[in-house]
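Student: Start from the sequences, fold in the hints, and give me the full structure.
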Amino acid sequence: MTRDGYGLEYRAGENDKSETKAKTGAMADEVIFAPLKSGRDLTVLENYRQTGGYSALEKILREQTPPGELLAAVKESGLRGRGGAGFPTGLKWTFIPRGLPTEVYLVCNSDEGEPGTFKDRDIMRKNPHQLIEGMIIAAYIMGANAGYNYIHGEIWEVYELMERAVADAEAAGYLGEDILGSGFSFRLHNHHGYGAYICGEETALLESLEGKKGQPRFKPPFPASYGLYGKPTTINNAETFACVPFIMREGAEAFAEMGKPNNGGSKIFSVSGHVEKPGNYEVPLGTPFAELLQMAGGMRNGAKLKAVIPGGSSVPVLPAEVIMQTDMDYDSLAKAGSMLGAGSVIVMDESVCMVRALMRLSYFYYEESCGQCTPCREGTGWLHKIVRRIEKGEGREEDLDLLVSVSNRIDGRTICALGAAAATPVRSFIKHFRGEFEHHIRKGECPLDKKAA
Amino acid sequence: MEISLEINGKTARAREGRTIMEAAAAAGVHIPHFCWHKKLSIAANCRMCLVEVAKSPKPLPACATPVVDGMVVRTDSPAAKKAQQGVMEFLLINHPLDCPICDQGGECELQDLAVGYGISRSRYAEEKRVVFEKQLGPLISTDMTRCIHCTRCVRFGREVAGVMELGLTGRGEHAEIMPFVENTVDSELSGNMIDVCPVGALTSKPFRFSARPWELQTKPGISAHDSWGSNLELHCKGPTVMRVVPRENEEINECWISDRDRFSYLALDAPDRGKSPMRREESSHRLSESPWATALDSFAETIRALSGKYGADKIGFLASPNATTEELFLLQKIARGVGCENIDHRLRRRDFSGGEINGYGITVEQMRRREHLLLVGAQPSAELPLLAHLLRRRPRRLALSSVGAAECGAAGNHILARPSQWSGILESVLRAAQSGGGEKNETAAAAGKKLAGKETSILFGGGAVQSPHYPALLEIARAMSREFGATLGVLCGGANGGGAAKTGAMPRAGGMNTAEMLRGGLRAFVLFQCEPEDFAERALLSRALGEAEYVAAIGAHSGGLRDCARLFLPAAAAAETEGTFINGEGRAQTFAAAARPPGLAREGWKILRVLGEKLGLDGFDFSTFAEIRPQFVGEDFYNGGGDGAAAVSKKKNGADDSGGLELDFAPANNGLELAFAPAIYDADMLTRRSPALQKTASGKNAALAQMHPEDLRALGAEDGDWIRFSDSEGGAMEAAAKANPALARGVLLARCGGLFGAENITAEKMQMDKAASG
Amino acid sequence: MPETPAHLSAESLAAIDREIAKYPKGKKASAVMSALRIAQKEKGWLAAETIAFVAEYLQIPAIRAMEVATFYNMYDLKPVGKRKLCLCTNIPCALMGAEETAAALQKNLGIKWGETTPDGEWTLKEGECFGACAGAPVVIVNNEKMHENITAEKIPAFLQSLKANNGE
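Chains as they are written, first to last, in my numbering: chain A, 461 to 913; chain B, 10 to 783; chain C, 40 to 207.
These aren't lab readings, by the way, just hints derived from the structure by calculation. Cβ atoms here follow ideal geometry from the backbone N, Cα and C, with glycine treated the same way. A hint or two may mislead.
[What the hints assert, rightly or not] Think about it this way: if two alpha-carbon atoms lie no more than 25 angstroms apart in a straight line, the pair counts; the simulated DMTMM-like pairs of lysine to aspartate or glutamate are:
id, chain 1, residue 1, chain 2, residue 2
1, C, 61, A, 623
2, C, 184, A, 620
3, C, 202, A, 620
4, A, 766, A, 909
[Unchecked claim] Reference excerpt, derived from the structure (chain C facing chain B, CB under 8 angstroms, subset only):
id, residue
5, 100
6, 101
7, 102
8, 109
Tutor: Below, the structure is given as structure tokens:
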């Protein structure tokens, strides 16, 4: 392998959006993917530096900027957690106790496994050093001297790439003891998952990092007081950390202004499913869905849009007529009855059987439930078995009410959010596409099969 | 700090940091639960304890939610009930609902709560989960389809038993409780898993299908196996003990008991259980049944005749330290009544020259708080399983022994050495403590530094007390006591070492102790509830009994004495008699009989009363148990934990226990030394005869000669090979070998059957054909 | 540790040691996921003895390592073929034809999910979201190499190239 790159093939067109930009007039790739516009291979540390990379960190360490000032900037930027919950990042970072004689850990959640989500993979394989720089700055702010980047096990090549990127950053003096002579030390290590969706839940991730099954912890205590190895710990999504160098370099205001009030900055949307150009699109929060769809090349083969899951498989599905009127930001999507989640946009055209789609989703949650708490362990299997029965044409009249009732008995009664995540698709699919489910139950067949025939 | 909250409309107070579950319990409000257990870490996984908390959008688990001031909790509101009923439905959808054939039926937490929270009809119409059974060994039965995944058993193993033998493997609906591959559950506290399991997934194998809970009568009892004094509940059907479970006593055993406390009842109907008096005529070679009257008369006549012929000082009385205080009182009264001072209960002891310590010197509660415990020659996991539990929870302990750290509950603070090396090491430790370091032996120096200036208790285990070096060890310990106020105690005194000492079941001036009796050319022996396996010098005892003219045995089982006894009087075991045990703390606990002795067997105190009467002695003309105690109870009888209780409190230093002290002193080249660690299920007549305990891994190991793998290799032997051991005094024994890497080099851990000496033992691998024929 | 068939090679142990070094002193257990992965790579799959070996190496109870090995689904607790193909069939992949890909794989190899061909060449597994949905349908070969846009019609050529390139 040559040192001038990691030999990754870039999907043509994904970062060349001049065409769509011209069409939509939207801003794209301003924060995390901005350096890619240079056309350089940013997995090479020097290339990243030449696009302004590590300059924010160097300045902070040179000037010994008080962490409080930096924290204020993060707050001011309006940055909210990009992993799905959307919790204000600056506020989260204030929870870490300062001045205690104890170790503080920084953890990056790159365990991206929510169906429809694939942005962290692209951040890491296309611009790994921006994530590393963001983590170092965050560590400086919170006084953490050790950090771990927990990477989804299935993207093994990216894990290996990150191992090299961390080694390169260490060799360049950005990681390790006494970084750039500042007296500040931070060691960063990559840790891989190995096939468990639940480890994307932050406390399950911590358990996994400790070498255990990824079973979420009951909160409180929260990781800020009792995290990795029982020490105060901050966990953020890879995209969240990767925004930090931009905020430091360009200013909190520049970041905040990019989006809408309370929805600051840009967001990477992972668009998958029935579009012409599936891929990651980094756009300002608040971009209308219609524009995003256009960026992604519109519907595949000009098909008609049926429904969109706008934030990953765990958020409510929205029918075409609703999503086409909605802007892609935290508040607008909440108003429309769904959630921004991790910005994972799954687009479905009219050929999709919603019963079959729900069957696959309910199987996913059944398969990925950690098995620790009763409602989720027992309920996800129950849900899946009922939906499977309906799909096979063996549904019963009372099944839809039962599905909603079982979903309600799981939701909100489990240790972590997987229970709610399993319940949400069931309820939203039935809510918006009840007729399709009833057809399966009453006729014992799929209306789409008939159409096709 | 106390805070105030509202539970179901009533104001309650609770300490900050308490959970809703605890606060509610204190306020008399029961919240349904499965995974929560007051002695285990919080899992919050069953979700049965969901309650409504004002301002929380979701119901919260009472077991894991800390109370805050002004909190408003409803455990019985429609929202709370709805959440609880929802969880109950989920628990039952995959449960087999096979209560009629489930051993837990009638005492099942799931069954009880399902009655209160379940609905009568199931909405679940899909196929149910089936989970295969697991083979966990001779003590625990499984029906894993019934498991509700509360993980109490897993947490019990990890947190109480100190060894993670069960885990929850897989995930989601496929999650299962299981051991690693086909491992059994072998911890000495494993039976408690049966109790913590809230459903019928883990049940008692020996008890299986033998009775329903509502047929059982519950009787209180006290453990007869060790000095801890664990409180028991004996469950009886008519006159028979059907099972034993813990009786909670926070000051002693909390809610746990050892497996031998739980399963030794199976020995009550062992094949050699004495059900009738037996005598052997001069001319005969075997014991034959005899009426009580004849048997009692013959005892009195023979004792009188032998005293006349040889003098009463040619008789020896040996009693188990697990006999009741009342029995021991009457036995010594008989001995002294006939003019004999030769009486002892300290059967596992070789050298008595160093003087006497009785009991722990401190209470169990003090043990929990003590700054430092120095364990010498102890193997708590085998000798005192609940002490092992206590040690696992406190970091500050140092152990010196010939078996590994894990067995001593002292990982990382442990010196592994042969018994003959212990006094030298202790001396170094003492010197280091005196000089604050500077000792050239680094290990001893570190140990000494740890102990210096600390509130320390020195506790001797069986390995020390049985060793020929015990007097030397005692001397150094006394110096430590003088130097920095350490208290002294012994752990291995038996269930009633305290009672035995206080009633005088040991020789006064002019009398012989156990060691002297075995060597004293005595003409007659009276053995009370003991057999050769109970003695440190078992071979010597067998020789002495063989050479005596008369051996009378009073006990629950005849087995070990069948060959030499002239008279056998069948007595009640601990579960079958009333009595008092005084444990290592000096705590007296009186108990009633739970079961009836079988056949013609009678309570020990009754037998001794008649014997005393037949011998024409004074003070035996009482008729009830209650009349015995006033004879021996003085002002001070039940007080105090021995001589060391007055502790010297010193300034607290920051304890530093980070450094491990694992060390294997180089072996000396003069043969093997006996390790003197009694096997856990070879402790007494009952454990030895419990089939379930004997089938456990520890039970099977007891018959083997365990040595360090290197020592075994040096003999050219491996596991399963037969080894012949011999000593310089003409003793010899043969046993199958087992490598045990936890042992010190040069040590032999075995039932020392035919050996007279404790050191300079030579070993030789036996030829296969010879072994096969032997 | 004694030499047994479960003993790992010096290279594997060195790799495990590098992983252990990532975690604070006394937190060796954190390396269990890596250690099991390294062991699996050497042995092809995780036999109980291998798991026990790893547990002993990391000084954790064997059952705890077993919990981990059974919790994460990229560990193979049964022998697998020379090439293990794991196809994601979750929604984004299904929308792009993963069901057809699945059918084509099963037909071409003559095995179902979780099975291995009798010649020990191929194993098929159904996967959950790999986090690369833009390239749906996605196949991972031997846990490490990701292949994107594997639609049904590409299967014969795809299998051929894997055979030719030894899984790469």
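Student: Please go over all the hints and tell whether each is borne out by the structure.
Tutor: Cross-check of the supplied hints:
Pair hint residue 61 of chain C plus residue 623 of chain A holds up; C-alpha atoms about 12 angstroms apart against a cutoff of 25 angstroms. Distance hint between residue 184 of chain C and residue 620 of chain A is fulfilled; the C-alpha atoms sit about 11 angstroms from each other, no more than 25 angstroms. In summary, the hint linking residue 202 of chain C to residue 620 of chain A is supported, as the alpha carbons are separated by about 24 angstroms, within the 25 angstroms threshold. For the proposed pair residue 766 of chain A and residue 909 of chain A, the alpha carbon gap of about 16 angstroms is at most 25 angstroms, so the pair holds.
Satisfaction of the interface hint for residue 100 of chain C is found here, the shortest Cβ-Cβ separation to chain B being roughly 4 angstroms, below the 8 angstroms cut-off. For residue 101 of chain C, the interface hint holds, since its Cβ comes within 8 angstroms of a Cβ in chain B; the closest pair sits about 4 angstroms apart. A least Cβ separation of about 4 angstroms between residue 102 of chain C and chain B falls short of the 8 angstroms threshold, and the interface hint therefore holds. The interface hint given for residue 109 of chain C holds, since its Cβ lies 4 angstroms from the closest Cβ of chain B, which is under the 8 angstroms cut-off.
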